[in-house]
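Q: The residues making up each chain are set out below.
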Amino acid sequence: MRARLHWVSPLPPAETDIAHYTRRILPALLEHVDVVLWSTEPWDPEIERLAPVRHLDADAHMPFDLSGLPPRPASSEMVVYQIGNSWLFHAGILKVARRVPGCVVLHDLGLQDLAWMMLENGLIDHGAYRAAMAAWYGREGREASERILAKQLSPAEAATRFPLFEIALPRATAVLIHTDTAFKAVTARKFVPAYQTELPFAPSPAASAARASEGPLKLVQFGYMAPNRRLDSVLEALAGLDLAFELGLYGQFRDEDRVRTKIARLGLSDKVRFNGFVAEEVLDDALRQAHLAFNLRHPTMGEASGSQLRIWNAAAAAAVTDQGWYGALPDEVAFKIPVQGEREALQALLRRLDAERGLSEQVGAAGRARLEALHTPERYASAIAEIAANAERDTREALLSARARALLQGRRRPALLTRQLAAVIGGDQP
Amino acid sequence: MRLGVLTTQTPFIIGGAERHAANLVAALKARGFEACEISIPFKPFPGRVLAESLMAAKLIDLSDLGYPVDRVVGLKFPAYLVRHPDKYYWILHQHRQVYDMWEAGVSELQQDPDGLAVRELIRAEDRSAFSARDTQVFANSQNVAARMQRHLGITSTPLYHPPPNAERLRVGPYGDYLFAPSRLGPSKRQTLMIEALTHAPSARLVLAGPPDRPGYDATLAKLARERGVADRVEILGAISDERMIRLYAGARAVVFVPVDEDYGYITLEAMLSARPVITATDAGGPLEFIADAREGLVVEPTPAALGAAFERVSTSPKEAERWGQAGHAAFQAKGITWDAVVAALTGEQRSVLPDAAPPRPEARAPDLKALAGLLAPPTPANPPFESLDALLKAYDFATVPGFWAPRAEADKHPYLASHWRRYLATLAMIEDVDGAYLLDVGVSPPFVFQAMLARQRPNAAITGIWSERHPHRQRLVPQRAGLEPVEIAVHPANVEREALPFGPASQDLVLAMEIVEHFAVDPFHFFSEANRVLRPGGHLLITTPNMSSHRSVAKILAGNSPYSFGLFVPVGGVHGRHNREYVPREVAILGEAAGFSTVRLCTADVYDDHIDPAAAAVLTARDDDFSMRGETILWLGRKTGTPGPAPEAFYHGRPEQLSGRLSLARREGDTLVVRADNTSRRAWVAEGPFAMTLSLDWIDAHGTLVHPSAQIELPHGVPPGESAEIALVLGGDGALGTLRIGLFEAGAGPLAGAGRGAPLALPCTEAAFLALARP
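Here the protein sequences come in this chain order: A and B.
Sequential numbering from 1 applies to the first sequence in the working numbering.
Sequential numbering from 1 applies to the second sequence in the working numbering.
Partner residues aside, some chain B positions facing chain A, computed with beta carbon under 10 Å:
| hint | residue |
| --- | --- |
| 1 | GLU52 |
| 2 | LEU54 |
| 3 | ALA104 |
| 4 | PRO113 |
| 5 | ALA124 |
None of these hints come from the bench; they were simulated from the model.
Think of the CB as a built atom: it goes at the ideal place given N, C-alpha and C, for glycine as much as any other residue.
From just these sequences and the hints, can you work out the full model?
A: Spelled out as structure tokens, the structure:
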């Protein structure tokens with residue numbers, strides 16, 4: 001009998017890519033497993049045509065009210081949490097995930113921002129935060145926590161060294177991540193079975209390229225423009241250029257006023273257009289016309305980028321930072337920009353694209369091919385189905401290890417004892 | 001071959017599963033195997049702790065104990081997860097909270113945040129265990145096998161076993177009652193049976209089994225009262241195996257309607273007793289053996305459907321017998337034996353070794369002489385006098401010197417002669433009891449027993465109580481050398497109603513010989529008072545006629561009243577006759593409730609050795625061991641505590657709270673404040689079935705009781721010795737009459753009726769009364 005997954009995620013119309021991701025993979029997922037969607041926030045009823053949706057009450061003793069669901073005597077039932085770094089969409093989910101065992105899909109490795117906002121909003125207390133930092137990162141972690149709490153260190157900066165993804169995993173029965181870097185980080189902690197697969201994207205039908213072979217270069221940057229998206233650097237690179245271009249900005253800013261002031265100061269006001277948050281079709285259309293999309297990340301925790309998948313879907317070329325997940329991409333699917341000399345490298349790239357207009361098409365097509373090969377929802381759904389098939393085994397291992405860890409807490413050599421215990425209790429009958 | 005039987009125990013709970021493991025071990029041993037029960041404790045909640053219990057089981061390795069254990073047989077989760085290379089499973093049940101109970105939405109784990117994960121954990125462990133190489137998986141029943149198939153896709157073989165008393169169950173006549181043996185609890189659905197009785201006017205139901213939780217038997221009794229069927233339901237509580245076998249053998253049919261029972265011995269026991277089984281369509285295990293209108297009746301679990309089945313078997317004895325016999329034949333045909341079980345689990349076919357077979361008692365006519373010997377009264381090691389004649393010659397028993405004296409021939413004193421053996425038996429009961437201060441309750445001249453008592457324990461101070469109004473004192477003067485005079489001081493008291501006229505802890509021994517059967521309203525009062533006047537460790541001796549003696553049985557069989565003394569005594573008032581005779585355990589129950597431990601409870605034929613053969617035949621045919629069938633009950637208790645509440649089974653209401661005093665506390669204009677003092681020894685409660693209330697009656701100027709029995713609640717509970725005040729507004733115009741206020745216990749009635757709380761009368765208009773009485 002098919003497993004039933006309790007899929008905890010932001011849902012459309014929530015303005016986060018994780019909501020779209022869920023919507024995107026759902027049809028393929030339903031080919032393998034049954035799904036009940038759980039959301040802490042209101043949802044677009046359209047999604048209920050695909051799967052039942054229930055409200056998740058993060059503060060209830062039993063957040064999952066399973067009453068009324070048809071019984072599934074012969075199959076596994078597993079909770080799957082989608083954890084990202086945005087406190088707006090994930091604070092409630094994280095709260096439940098820390099209490100009710102289930103599989104955790106880590107969309108971001110660095111959860112310091114989320115932790116910070118939860119601190120600010122009283123959802124976790126300073127003591128718990130300090131304790132978590134000390135437990136996972138030792139003395140340095142504890143010191144960093146003091147500096148963060150004293151506002152001497154920003155959570156984003158801290159995330160590079162102390163990502164704190166561990167706070168999502170105390171009751172995890174399995175964890176799914178999307179990149180090599182994240183996989184290494186999670187498996188180093190050794191306490192849950194970890195799975196890795198590429199972030200999914202449902203490719204739209206291939207659209208004909210509409211990029212102008214002459215005239216100004218069309219440039220795009222989109223998404224939530226946090227400081228690590230390097231917009232300041234992009235603007236500074238553009239200000240020093242002597243060629244014709246138009247930059248369209250799509251999405252939200254943490255500090256729009258400051259950005260507008262900077263654009264004006266750099267003399268770019270007539271070349272940069274603010275479009276705000278737009279419909280997906282509008283954005284996709286802009287990408288199909290763009291010669292280059294800026295998709296830089298620094299610092300980065302090495303997560304896969306939903307934005308990059310959208311760029312590839314539009315067969316567009318992107319400038320990415322040469323580190324983390326981006327750095328590990330094949331050279332032909334994106335333009336890699338080093339952290340050192342970022343501005344100069346960007347300027348050189350733009351001059352080259354202006355001179356070789358076909359280059360954008362070429363890199364865009366290679367990206368699109370990669371998307372179609374590795375990032376399909378079908379491939380992703382198969383990976384989830386594998387996790388579901390292992391739910392009994394993984395849950396057993398996770399639960400017993402967690403109990404063993406709890407029972408051995410305070411022992412001088414917990415790791416050794418835990419491993420010995422796990423070898424005994426995790427084993428199958430002969 | 002050495003086998004370990006793996007089972008799980010929830011500490012302090014012993015049920016069918018625990019006995020099952022013991023029975024398997026016994027069956028293996030009887031067939032020459034070395035077998036041992038290996039039990040591990042289990043705490044199933046919350047989910048986190050359950051995971052730890054499971055882990056603990058997995059950490060136990062029985063593969064090498066320094067000597068070989070050839071095989072382990074796993075019966076219960078999680079014990080069957082213990083590690084051993086040669087493991088068979090005979091699954092009694094899995095952890096149903098994650099299987100069928102989960103599916104039915106009634107699992108406690110569904111209210112546990114860890115529940116979903118724990119479900120996966122247990123499924124993984126069960127699947128791993130049952131799929132291991134080289135193992136055999138048997139299920140206790142088809143029902144359990146089907147559950148394993150449905151939930152885990154694991155195939156197992158049903159392996160039936162006989163119920164514990166299989167060899168002793170027997171077939172008797174088809175009686176007039178429906179027998180429902182099993183633990184009393186919601187999962188066995190006794191409430192459904194009681195509801196069903198309302199649809200079955202001809203049916204009588206006998207429930208037997210201990211309650212799952214204290215008080216559940218009372219809950220069932222209450223339901224029976226509420227449904228108006230209490231006179232057709234008997235709730236026996238826990239009973240002996242012997243009695244259970246008898247009740248099976250004599251029932252019209254057996255009722256067994258559990259919710260999805262795994263197996264259920266009751267079905268098999270009924271079949272072995274050739275009783276039809278009335279069961280329900282959702283009962284699980286029973287349905288593997290019982291088909292509708294073949295070995296019994298299978299009905300929907302509703303009061304109406306079950307009631308119709310009750311009525312059918314109650315009014316159709318021939319059908320009941322036919323189905324019962326069919327069940328008996330079906331059981332025999334199935335070959336359900338321990339031989340088969342042991343063969344399946346060991347791979348070796350063996351029968352019970354000759355010297356291991358239990359002896360089978362042979363039926364034979366009762367040996368009346370042996371029975372009479374069993375009921376011979378105890379006698380003291382050193383009788384104070386060799387005969388009644390000798391005693392009567394030893395002292396001058398005259399109360400008016402020279403005017404009255406019993407003649408010194410026993411045959412002229414038939415009462416004394418007939419009670420002589422009882423006196424000796426009484427002395428034998430207290431032979432080992434120390435103490436110098438003796439209180440003998442209910443004495444009257446001639447004081448012959450007291451003379452025996454004085455000779456048994458020289459230097460003792462003997463005090464008596466009688467029902468005369470005046471005290472009395474007598475000195476028995478010896479009539480021959482070597483005897484000391486005997487002083488007896490007698491005090492007046494009504495021992496059923498009044499405090500004994502002695503201080504606390506002033507006595508060593510209280511004797512109440514042939515007294516308690518005369519009590520008419522409150523026997524427990526006397527037991528409690530006896531406790532008060534006795535020192536800690538002091539003793540109370542009761543002798544009283546046995547209402548369940550073989551003699552009473554003979555009287556009933558002959559169609560006579562079973563009283564030992566059933567005469568009215570017009571000159572003796574209410575206490576002259578026997579108001580209530582007792583059965584042995586009732587005396588112990590009263591004594592133990594009053595703070596005594598039973599030192600000895602026995603019965604004896606103290607008046608007559610004759611045993612009616614018909615009565616003896618009836619009793620011995622029911623495996624009655626006869627020891628409690630003597631005509632007199634002798635009970636000796638030792639004071640080890642203080643009195644608790646009166647045993648509820650003896651009383652309507654709570655006797656120890658039924659006394660109070662009403663008075664007018666003050667008047668404030670039209671408002672009268674009435675004060676109710678609790679003069680009893682138990683707190684009054686203001687709510688519930690035993691609440692103390694005020695009853696209000698209104699009597700008009702002509703003395704006619706116009707409005708009886710309105711009641712108002714007390715404002716709060718009242719501890720002993722404390723009071724409640726109730727304000728009554730009595731103003732208003734109209735004809736003046738009398739407001740009568742009384743204390744009224746909701747469970748019992750007005751206290752005034754027993755003289756335990758005199759009513760208060762106040763002038764009051766009818767209008768004011770009606771204003772008070774209306775809610």
